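Student: Sequence:
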Amino acid sequence: MGCFECCIKCLGGVPYASLVATILCFSGVALFCGCGHVALAGTVSILEQSFSTNVTDHALLSEVIKLMQYVIYGIASFFFLYGIILLAEGFYTTSAVKELHGEFKTTICGRCISGMFVFLTYILGVAWLGVFGFSAVPVFMFYNIWSTCEVIRSLPANMTASADQICVDIRQYGIIPWNAVPGKACGSTLADMCNTPEFYLSYHLFIVACAGAGATVIALIHFLMILSSNWAYLKDASKMQAYQDIKAKEEQELQDIQSRSKEQLNSYT
Numbered sequence: 060m061g062c063f064e065c066c067i068k069c070l071g072g073v074p075y076a077s078l079v080a081t082i083l084c085f086s087g088v089a090l091f092c093g094c095g096h097v098a099l100a101g102t103v104s105i106l107e108q109s110f111s112t113n114v115t116d117h118a119l120l121s122e123v124i125k126l127m128q129y130v131i132y133g134i135a136s137f138f139f140l141y142g143i144i145l146l147a148e149g150f151y152t153t154s155a156v157k158e159l160h161g162e163f164k165t166t167i168c169g170r171c172i173s174g175m176f177v178f179l180t181y182i183l184g185v186a187w188l189g190v191f192g193f194s195a196v197p198v199f200m201f202y203n204i205w206s207t208c209e210v211i212r213s214l215p216a217n218m219t220a221s222a223d224q225i226c227v228d229i230r231q232y233g234i235i236p237w238n239a240v241p242g243k244a245c246g247s248t249l250a251d252m253c254n255t256p257e258f259y260l261s262y263h264l265f266i267v268a269c270a271g272a273g274a275t276v277i278a279l280i281h282f283l284m285i286l287s288s289n290w291a292y293l294k295d296a297s298k299m300q301a302y303q304d305i306k307a308k309e310e311q312e313l314q315d316i317q318s319r320s321k322e323q324l325n326s327y328t
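For the sequence shown, the working numbering begins at 60 and goes up steadily by one.
Wrong hints could be hidden among the right ones.
[Said to hold, decoys possible] With a straight-line Cα cutoff of 20 Å, these simulated EDC-like cross-link-like pairs (lysine to aspartate or glutamate) come out:
#, residue 1, residue 2
1, Lys243, Glu209
2, Lys243, Glu107
3, Lys243, Asp228
4, Lys243, Asp116
5, Lys125, Glu107
6, Lys243, Glu257
7, Lys125, Glu257
8, Lys125, Glu148
I should point out that these hints are in silico values taken from the structure, not numbers from a laboratory. None of these values were measured; they are calculated from a predicted model.
Let the sequences and hints guide you as you build the complete structure.
Tutor: Following this line, the structure appears as structure tokens:
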């Protein structure tokens, strides 16, 4: 076999569906974790500069954000390992591996592990649906603030009094208490805040993080379809294996009967 034929044969043993799902999962988790971590830090900076000058007012929120940043580290590590495991499971359960390496034996333990991956991926998919919905909340908040700033910019220059009456009260979202000072930003102060690099960067990073969470949900759904198909394949392979074992046993018994009949016939003759 030449080098080209060997390459074609090796490429035929790659589970491309699992590979695409793994790349999509890694990309989505990386976007969510990386962009979400930086965006949360920028959010704290915006709160301290424009909405809550007293540190004690947003101390609890700062602790929650730090906890979420540590959770992000754990999520990134877990999904890196879990994606590798699912990719390896795809290599060993697709029909391409069977065609490449010949027949293989399936065990009850292997089928249970495959079923466990189906259940765990389903649970993770449901959890990431919640994460995707939760990541849309800061996008909604930043969009409202940005829209208010656009309204202020669109006002004529001689209408400064009405511009000062346009405010964003961050306390209504429940992330800081009602006694926080100042708690809201109005007019030119609000417009200047929207022009800061922290606001611009955090807003777009939250959008990318939300898109990354959506990509992760799609990847987990893709993994769930692959794992379900592989589990069904293993189940059919186990049935075929049992059928072949019974057939081989019957053929062996038939050969034994024929050999004993020939021996008895030879003894009579």
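Student: Now look at each hint and say whether the structure bears it out.
Tutor: Cross-check of the supplied hints:
no., hint, verdict
1, Lys243 with Glu209, "holds (17 Å)"
2, Lys243 with Glu107, "holds (12 Å)"
3, Lys243 with Asp228, "holds (4 Å)"
4, Lys243 with Asp116, "holds (13 Å)"
5, Lys125 with Glu107, "holds (15 Å)"
6, Lys243 with Glu257, "holds (17 Å)"
7, Lys125 with Glu257, "holds (18 Å)"
8, Lys125 with Glu148, "violated (35 Å)"
Checked against the numbered hints given earlier, this structure breaks only hint 8.
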